[in-house]
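Novice: The sequence shown lines up with residues 985 to 1049 when you count with the working numbering.
Think of the hints as simulated: they come from the structure by calculation, not from any bench.
Label-pair ranges, simulated between beta-carbon atoms:
hint, residue 1, residue 2, range
1, Thr-1045, Lys-1010, 18 to 28 Å
2, Lys-991, Asn-1029, 20 to 30 Å
3, Pro-1001, Ala-1023, 20 to 30 Å
4, Asn-997, Ser-1025, 13 to 23 Å
5, Gly-1018, Met-985, 41 to 51 Å
6, Lys-1038, Pro-1015, 17 to 27 Å
7, Asn-990, Glu-1022, 31 to 41 Å
8, Glu-1009, Ile-1044, 22 to 32 Å
9, Lys-1046, Pro-1001, 15 to 25 Å
10, Glu-1009, Gln-1043, 12 to 22 Å
Only a predicted model underlies this, so the values are computations on that prediction, with no experimental measurement involved.
We put the beta carbon where it would ideally sit given N, CA and C, even for glycine.
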Amino acid sequence: MNKLKNKYEEERNLLIPFAEKYANEKEGKFPKSGQSKEAWSIVWNLAFLGEMNKLAKKQITKEDK
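Model the full structure from these sequences, guided by the hints.
Specialist: So, in structure tokens, the structure goes:
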């Protein structure tokens, strides 16, 4: 089980820079003028997590082929 968990974590961690780049491009690295940090962090996290899910699904599909 530990080997499986470690493999999952390693593969997930490889996706983080791509999802982070996407979220930064979509929502910015910092709140926009007049936007609260809390509101910005919510939309940034939604963009990041959505992209992580999309990338993970693509990776799973590639591995199934």
